[in-house]
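My request is simple: use the sequences and hints to build the entire structure.
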Amino acid sequence: MNWSLSNNKSVENHLRLILILALALRVYGLTAFSLSNDELSALSRLQFDSFSQLIQEGVYPDFHPAGTHVFLYFWTSIFGYSEWVVRIPFALMGVVSVYLVYRIGRSLFSESSGLLASGALAVLAFPLLYSQIARPYSPGLMCSMASVFFLVRFLGHDRDKSGEPVSKGNWLDMLGFIASVSACMYTHYFSFIFAGLVCLIGLFFLDKTVFWKYFLCGLGIIVLYIPGLDIFIHQLSKGGIGGPDGWLSAPGPDAFGRYLDYVFNDSRMLKFIYFVAFTGVVMVYRGKVAFGKWHVVSLFLFLVPFGIAYFYSLYVNPVFQYSILLFSFPFLLLFLFSFFPKGRYGITAKVVLAITVIAGFYSTVFEKNYYQKQHFTEFRTIANSINASFEEYSKDSVTVIANVHAPYYLNYYLKEGFKLDSNSVTRISNELERDAFNIAVSKSQTPYLIYAYSNIYSPPERDLFIRHFYPNVVEIDTFLNSGFRLYSRSVDSRPVQTFPDRLVLANVRSNDYSYRFDSLKQSVWFSSADEYGPAVTLPIKGSGLAKGQVLMGKAVLSDFDSLSDIHIVITVEKNGNKYLYKSNDATLFRCQSKDLCIPVVVELESELPQDAELKLYVWNKGGRSFYLRSLELEIYRSRPNTFFPPM
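So the mapping is simple: this note's numbering equals the position in the sequence shown, first residue as 1, plus 163.
Keep in mind the hints are simulated off the structure, nothing from the lab. Keep in mind that this is a model prediction, so the values were computed, not measured. Please note: incorrect hints may appear among the correct ones.
Distance condition first, Cα-Cα at most 27 Å in a straight line; then the derived BS3-like pairs of lysine-lysine [to be verified]:
| hint | residue 1 | residue 2 |
| --- | --- | --- |
| 1 | 745 | 704 |
| 2 | 434 | 513 |
| 3 | 456 | 376 |
Quick look at the structure:
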C-alpha cells in the first residue's frame, strides 16, 4: 500500500510542515487545562477488576459505544492515569486525521485541495480542541476519515507512488475498509452514522467487477459488530440515543449559522479569508474544474449528519452538539478547496495555503486565545485549593461539601490522605440531594467550610444560605460553571467577600405592635391568620437601582410549625403591574437549625420604571405560624464574585 506523502517534492515538504504544525498544536498545552467532566467520568468507570464488569458497569450505563472506553481500559492499565498519558493517543489520532484528509483530497480532487483542507484542519480550534481530550471524538474522526480513504482506494480512485491508479478491490483496502467502518461503529454513534453514509455512497460507485467483494466487506462489518449489538440495543432502549432526560436543549432555527461561526473560530476575519479563498479559486480556475460527483459527495457527507443531528434533536431527544459533527466537518473544508485542478500545485495554491494556514493559526492562538481560554469546567484547581486548605487549617478543621457527580472527579487530583468520600461529595440536582446539602451546612461544627461545584448548576442563593452559618468568605475561585469557596465562622485575616453597596432592613426589631412584635424574641410573630408582615420597600426613583445590579434578599424564621407555602418574595411593581418577580419557597432551605434562612437573589436584566416600587417580603401563603427574626436586602452595583462566576 502506498503511504508516501507525495511525488511532488514541494507538496511533500509543505505536507510535512502541516503535520509538524498539527502535532505541535496538539501536544503543546495538552495538560494545560483540567481533565473535563466527561474525561473524569470515563476514567471513573475504568475502576473495575474484570473486563465483564467494565462492560456491565462502565459501558452499559453510558450513551456511547464501547470502543473508546475499552481502549482507555487497556491503555491506562499499561501506562497509568496521568493527564498526559491519558490524552496523548487522542492528540496523535488528530494528527493522523490531518494526513488522511490530505490523502482523501488528493484522490478526489487534487494535491492542492488535499493540502489546503489538511492545513485548515491542522490549525482550526474546533478539531484542535477535540484532539486534546480523551473522548471518542478524535478516534471517531480518524476512523471516519480512514473509512473514506479505504473506500476511495477500494473503488480505484487513489494513485500509487508512480502516479498510476490503484487497482480496484485490493484485499488490503478491503480489510482497511472493514476495520475502519467497524471502528467507527464502536467509537461514537455519529461516527457510526457517518460510516453508514460512506457505505451507502459506495453502492453508487460500484461496478460489477468488485460488487461481490463489497458484499464481503458488508458481511465482515456485520460480523465484527455482533459483540456490540447488545450494548447498542440496551442504550437505545433508554428512549433513544441521548436519553429522554438529557441535559441538552433542542437546537434553534439559527443552528446552522451558529455552527459555521463556531467551526471558523467565531472569527469574521477568518470567515472572510475562507470566503475570498473559495470564490477566488473558483474564479481563477473556472472552466478548468467542473462541479462533479465528488463535490456532491462532499456536500452530502457534510450536510446530512448535520440534518440528522438537528431533526433527531427536535423530534426524538436533543443530542445536538458541535462535537458530534466533527466527523463530517472535514468535508466542508474539502469542498471549499476542491476547485484546484489536478496535477497543478502552482503559485496560486501556495499563496492560498500560506494565507489560510497562517490566518487560521493566528486566529486560534491569538485571536481566540486558545491556550489561555478555559474550555471546560474546572476540577484540578478546585482540588488544589482543597489540598492547600487542608494543609493550612488541617483536614479536621474544614467541612467539605463538593457539588460534583462523584468523589473520583476531585479525588483524581487530591493528595493521599485528603481524598473525599460520599459524605463530602453531595451532587445537588434533586430534592433529596438539596436537603442533604442544607443539613450538612447547618450541622457542620468545624471553623471552616469549603463549598465547591463543577459542571452542576449552583444558584447564588446557595452561597447566601452558607453565609448564614459561615458569614466570612476567606477564599474564592470562580471558573466556567465551577467554583471554590472557603468560608469561616469567625473573621479571618484574609476575608475577601464582596460587601454590599447598600443594606436595607425591614422594621422587625422595633416595637411595631401592628406586626405583633415580640420584644423577648426580638421578632415579628406570624399567626395562621397573617398572610403578610413587614416589608423592605424602596422607591426606584432616587434609589440608584440600574441594569446589571444584583439584589440579595434574606429572611430568617424561627419557631415555625411548618415550612409549607412560606415564601420570600422580591418584586418591582407599579399600579399592580409586576416588572420583576421572584419567589423562593422555604422548603427549599429546610435544615437542622432553629433559625431558618430563606434567601432570594435577582440580577437586574433591564432598567426599571422610575415611578415603580421595590418590595421584599415574606408571604405566608399557607397560613403557618412562625417568628420573623430579620428581613434584609443587600444591593450590589455589579456582580459580586462571592456569588456569581465572572461574566
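Status of each hint after checking the structure:
A distance of roughly 21 Å separates the Cα atoms of residue 745 and residue 704; the hinted pair therefore holds under the 27 Å criterion. Distance hint between residue 434 and residue 513 is fulfilled; the C-alpha atoms sit about 19 Å from each other, no more than 27 Å. Between residue 456 and residue 376, the direct Cα distance comes to roughly 23 Å. Compliance with the 27 Å bound is thereby established for this hinted pair.
Violated hints are absent here; each numbered hint is respected by the structure.
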